[in-house]
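Participant: Put the two chains together into one complex; each comes in its own frame, and the hints tell you how they fit.
Order-wise, the sequence lines are chains A and B.
If you use my numbering, the first sequence corresponds to residues 1 to 447, in order.
If you use my numbering, the second sequence corresponds to residues 1 to 473, in order.
Keep in mind the hints are simulated off the structure, nothing from the lab.
Remember, it's a predicted structure, so these values are computed and weren't measured experimentally.
Just so you know, not all the hints are guaranteed correct.
DEER-style ranges, computed between Cβ atoms [what the hints assert, rightly or not]: (1) A:50 to B:53: 49 to 55 Å; (2) B:155 to A:19: 55 to 61 Å; (3) A:324 to B:52: 37 to 43 Å.
Glycine included, each C-beta is placed from N, C-alpha and C at the ideal position.
Next come the chains, spelled out residue by residue.
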Amino acid sequence: MSDSDSHATGSPYAPQTAAETAAMLDAVGADDLDALFDVPESVAFDGEFGIDARSERATRREVAALLGRNADLTEFLGRGHYDHYVPSIVDDLAGRSEFLTSYTQYQPEVAQGFLQALFEFQSMLVELTGLGVANCSMYDDATALGEAATLAQRVRSVSGDRVLIPEHLREGKRAVLANYADGPGLAVESYPMDDGAVDVDALSDRIDDDTAMVYAESPTVRGVIEERLGAVGDLTDDHDALFCLGSDPVALSLLERPVDVGADVVVGDAASLGTGTAYGFGLGMFVTREEYLRQVPGRLVGASEDAADRRAYTLTLQTREQHIRKERATSNICTNQAWVALRTAMHAAWLGPDGLVDLANECVTRPRDLADRLNDIVGVQAPVHGRHHFREFVARTDQPASAIVADLADEGYAVHAVGEHLIQVCATETTAEAEDGLVAALSEVAK
Amino acid sequence: MNYDQARWTDDGDDRYEPLLSEKASETVEVEDSTLPEDLTRDSLTLPGPAEPELARHYTRLSQMNYGVESGPFPLGSCTMKYNPSFTEDVAARPDAAVHPDRPDRTVQGTLALCHRLQDYLGRIGGMDAVTLQPPAGAAGEFTGIRIAKAYHEENGDERREVVIPDSAHGTNFATAAMAGYDVVELPSDDDGRVDVEALAAAVGDDTAALMLTNPNTLGLFERDIETIADIVHDAGGLLYYDGANLNALLGRARPGDMGFDVMHYNVHKTFATPHGGGGPGAGPVGVREGLAQFLPAPHVRERDGNYEYYEPEASIGKVHGFYGNWPVLVKAFAYIARLGDAGLRDASAKAVLNANYLAEQIAYDVPFGPFHHEFVASAGDQDAADAAKRMLDYGVHPPTTKWPEIVDEALMTEPTEAETKRSLDQLAAAFDAVAGDSDAELADAPSRPAAKRIDQVSAARTPRLSWQALDDA
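One chain only, chain B, in its complex shape (with noise of 0.2 Å):
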């Protein structure tokens, strides 16, 4: 391997001490306040490091974490793509940094940036009009599903049912079932694909949405799109798009082209916004015309060269306090803004060429194809979660693992357009390295990183959550 191994750190027998442990931390009392002491809390004990402890501290975390910059991170579905640094850059700007509840007037700039980005996510989707409110893809999911409540209560259509496919996200179950809606769940066909007679059994006048993905988790496209669009149409409901994999698109279709009537948008995936180990993120979501009256208040409108806030007539409401995550949607700017029409092409058709050309080279099992942004390998014999971790002793960050379940033993891997032909090269050989390894190998691994394999088990049966909760404490 090329890959710098002596990356990951060892501190021998004793583990990193956290910074709120009792060498580290220090306790006030609380009695000089101008308050009446009977609304004061009596004492408060945080840590409180000297700025160099702190410095060191936190460098110390960092080493003991991987990310994009340290090589491949080949997640399925999760698009762990190269940020670059210059949108970091801009969406620092001192004048970027206003309060939300500045008079319109005062924040023409910000609004303008806002509308700019609605028309680009609009043109990118196919979309009339474009919400940036959504801090997330889930809380994406969330607004467009209550759009669409919204859309069958204005036309006095109580639907109770979201019908989503077996492969779908996680989140697409959750937030149908917190919208309180019924989830009806869809059989994958024998080519991973959407059943589309399955799906004409289950769409019904209790429709209110199928939510699809496309390509979905397999990295397949539904060839079969416009056909299923007709059938929920058909039926009165409403078609909702995933855009957790439109890296996979860009260019080349159009969900709106496609039939669908709501979309979000990851603008931290398919844009840029490093992941920051979970978030932040931003949902935008898109919506075709005849629903744009529902859209989250306030949204952005141009008059007279003037940019002003305003509340669409049959607004759902809100999803955020405020306006949405407003840096994460500068930077989206800046990178759509610097890629331009045939620079997100070319994102999309180098993430696609990748996603092949990996799943080409390597020695387990690829069933289904042909494939768009990712690919689910199947581990076999092997443990997938085993070989995860015999991953990261060859210095790589593993793909998903064990999931979607159509797949047995899953590794599910997207490498995005941000891999050289070498780095892929690599990757796949981390992958054959650990195909021939033995059980035994996979089930030690891993022996390199900073911590060996970690106890989930007893993680979960005994939570200790907190500093104070350990026994040491």
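Next up, chain A with everything else stripped away, as it sits in the complex (with noise of 0.2 Å):
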């Protein structure tokens, strides 16, 4: 059979017959399809958008066709979306249909099984951060921080406008935090770093009483593991400012408990587990104390009994959310990421808590002995930043970075450039076969 299987005439996906068409709008009283739509002739169109419909088969050759100009690289890339292995059974667990074809849980005597994954993925947050509430997701981790800001202003006892965040950010999180405080009026401001870390010297003099908010991440962009964050809850405390605090869930499997070093809310982008890399597709986790539980944007699963007294789940305290609250609700919110957090929450799972801190602390080993081989290459001297460092490093090179990235893409492999003379390298799981071919390559070009 040939591919020419379009459907030149309608959808193939609307499946009603001929005969039930007539039918219904027979029983409709309209004389054909066209009679139902009530659009005046002014503004009326003739439906030719130029676009031909193709066959299933042709459709996925021409993605196929697309894609395949993309060069095939290695990648060694991080800074915000990571690349971790995902088992084969997310995907056929995620894929059944009952879970991927449903909706919001509005109803949820008909969604019992979404609701308490959802439970179970909250549950793992709370867990992980020592936090008492966690949502059931955001977009990012970028929307995610920009959510913190807007609670740290309804929530603060004291007036206070002032947003600090950390001198390395990716740039992508910085513009979307500026979108979300411009509504709010609130100002965002940066604070030094000291060797890749918080320079808390300089926030201490940077902060407060009209502070409302500080950031800082663990591990940062550049993969600092940050050393004092006590010292940031500390200087928080003292101007009644919130702390947020950045990090991912599988970093949050080894590295101290946010709750123990005073943060109020833990952001960050938890698609690290269950999705790998998807050109920056997201999930943010946004997690909180509950002191603050009735300000929390987005949807959140609770526990309750049914009719017949036994644990049932449901969306609860909707009135924080738009479809209630309407202009007063705590976000605009709506459609979520609630199946990307049903990935995590399977990835997580099958790790378990063993496999979850092997997997981080191979992001601790991993880049650091990268980081050794690196620095034996001349022209390069890694890492840049005397710290311990989770999945990626900064290296300085004799060569601009520009060049070096360019000339490694045309030997196969990907790095970021974040400075004149700075590349950046992260190394997962996902990298170990190809570490050698990096360095190889590196050799060659960093001379």
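Facilitator: Printed below as a string of structure tokens:
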């Protein structure tokens, strides 16, 4: 059979037969389909977009041909979007149609499966952070940070509109935060770093009683594990500012608990588990203290009982949300990333606590070992920061970073350029087999 | 009913155990790390099931969940239609899974697909430029309203209000507030449409934008759209199109032709992406010429046959950390390519026919009309929420309830194009069975699903939001 099965006359997913269509038109008293449209002639459209229908097979070929134009690179890339091996069973189970084709759980009696999975996702984040309340997803880390800033403004006991962010922050994150901050009139200012970590003395000079929130990350965008988060927590306490910590589930499996360093909100990208690399496709995590519960943005799943007194789950505290509270809602978020949260919970459960800790430890040792090897290359000094690292590190190169990145791409490898003579390299279990090749290629191009 | 009622499963007395429970969880001590001890946590307690247990756990959970592939899902304004499997396959291609920080020249395929989708969406909406960055419809609204704000600021024209009809999606109100605007709510007229006189009175020098969906949430086309556009434009405001109901208009009318200046597309509703229990979606935004300079950065353009990112000159910045929900965009592209002009037009025609047919078949009163893709029935003397629970007993998912408030005991129903006459007849039979049931039967519903009626009040009064917060933890 040829692949010319295109439905040039209709949608293959609108399945009624011609006889059914005729019977239905008759039932509603319309002569034809056109008669159903209550559109004034003056704004009617003739239907010609100039988009040709393709068969299913032709569409697949077309996408394959398009994506085939992407270069085949081995990526040592991170900076907020990470590739960890996702077990096959995650695709298999998350792909079950009862999960995949369901909607937001407005009828909880027939959505117990998804609600329980989201409840378990929330529970995992509570365990990882030590904070009491996790929502069941935002879009990505950047938008979760924006939501944290607006929450800070709502919950602060005194007025204050300054949000302090680290000098080393991914530009995308900074730009999204700026957009969220504009409406409520928050001023976003950065504080300096000291050898890749929070300069606590400088932060101490900048923070004041008008500071609504201080944001810090561990690991930072440069892969540095912050060693003085407790001091940041003390500073924010002194000034009644919220301490927002950025991290991710893999790092949180190993690093000190956010609650123990005084964090009030934890945000970050949880897609580091469950999704792998997908061009920046994310899963925003948002966890905070119970006292801020009624100011939390987004969906919350709670435990309750059904009429037979058995445990049951439901979306709860919806009076915070836009579909009930309208302009007084805590956020405008409606569609979120529930299915991605399901995948993350599945991946975390598959690894189990020991698997997660092992993976996190590998995220410490692998970049350390790779940095040592790169440091032996003529024209490369690595790592730039004398700190502990997680997944990634910055290296100084004698050659311009842009030239290194371009030359490495020609050799089949991708790294970041983060300064005129600074590159950044991310190493996880998925790059293990390619590290020898990267070392050899960099040895050639770094001279 | 022909639906397989055996899909509802029931464990008897015990609820299915959380995976993260005392029984199923393990605690590991964190002591072997090469990091200093004061940088690491002491222990970690999480579930650690073996893979076969994991498979059974999630398979069991899936059996306690209802999706479009389980049966009709006529949630008004949510557009829960069947999504083809092949778009999932296409989006899952390994060569689609690249990192967003690659140099432009190494992702020419990704950028070419983005460029082609921008072009398609522009044609479909009658818009001159489209960004793919917003990760959901509400994020698209935020982007669009930020663009409107940037436009007014560029003109040195501070405006403080956004006008929104009372029938609009809640996201519209929340979005306007989030962008720092005051909301002016506009009452509907007796026909369920925008009251043009009230609009003229509400709009003025302070109006930044009118947010409107057309057809509106009652499924009614705003026939006076040109007059509405003139009123808003004459006052110096912009017209924002909420694309949530675009499924009703494909190939019949375009927002750009109706006078809208900026719009979002819920590509997960109008085209294809299974809703995944509440996301992901994607909310590309289209603008007319003159507003393209404000689009989020970066934007994709073609130059000499190559594709590149660039920053529009007066860009509002970013609304997503990277470039949006990429896999959803691939699915939208594949779906549009598969259907083409005729398929898209047919999808809307069948969605509209199905809504009108179903509205005609059911025993409940259906005010207003004529309808496009959805209609709002009134449960009359019944409580709409109870009626919805009773529908679960008849094996189908109920419509959206109690909204919009313009209709008493609203049952907002959108069958979509994915239903056949036979399945609509079955759906109508479920409606009619419920309409004939007593209040007592409604109050006791549902009796068939895995859970009986769930106590929402206790869930909200005593929040227990994690396993750690349960009494038996």
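Participant: Against each hint, give a clear statement of whether it holds in the structure.
Facilitator: Each hint, compared with the structure:
1. A:50 to B:53: 49 to 55 Å: At roughly 53 Å between Cβ atoms, residue 53 (chain B) and residue 50 (chain A) fall inside 49 to 55 Å, so the hint holds.
2. B:155 to A:19: 55 to 61 Å: holds (57 Å)
3. A:324 to B:52: 37 to 43 Å: holds (42 Å)
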